[in-house]
Amino acid sequence: MATNDRWQQYLDAGRAWTQMTREQAEGVVKDLVKVGDLQQKRAKKAVDELLDRSRKNAEELSKLVRHEIQSQISALGIATKEDLARLERKLTKASSTAKRTPKKASAAKKASPSTSAAGA
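In terms of our numbering, the sequence shown opens at residue 759 and continues consecutively.
Don't take each hint at face value.
Stated by the list, open to error - 27 angstroms max Cα-Cα, derived DSS-like pairs, lysine-lysine:
id	residue 1	residue 2
1	K788	K799
2	K802	K814
3	K821	K839
4	K792	K802
5	K799	K814
The set of hints was computed from the structure by calculation and includes no laboratory data.
I would like the entire structure built from these sequences, with the hints used as guidance.
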């Protein structure tokens, strides 16, 4: 149970850095200005930088998750959409080839019993 709580904390922390709104960024910057860690004239630029960082973090996290999912799917041997499309093309091609090739009549018909008996 403690592991789930810790996991939730990690998710919440990541969400804070990947889904920051302008209002949240302004709040952070306002607090930094209050305590003197940031000059007022640089506040707008700091808000924009926080939002830009948040957007980039979201993109990186998304890329990381996408890569990990692809890796896990590959490890499990699950077919992808591309695999299924390739197989479908092969089957379509084989089917159309089979339709174009006329079926050959059986060239070697079984000998009738009378011809076999006549030779004996």
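Each hint, compared with the structure:
{"no.": "1", "hint": "K788 / K799", "result": "holds, 12 angstroms"}
{"no.": "2", "hint": "K802 / K814", "result": "holds, 18 angstroms"}
{"no.": "3", "hint": "K821 / K839", "result": "holds, 19 angstroms"}
{"no.": "4", "hint": "K792 / K802", "result": "holds, 14 angstroms"}
{"no.": "5", "hint": "K799 / K814", "result": "holds, 24 angstroms"}
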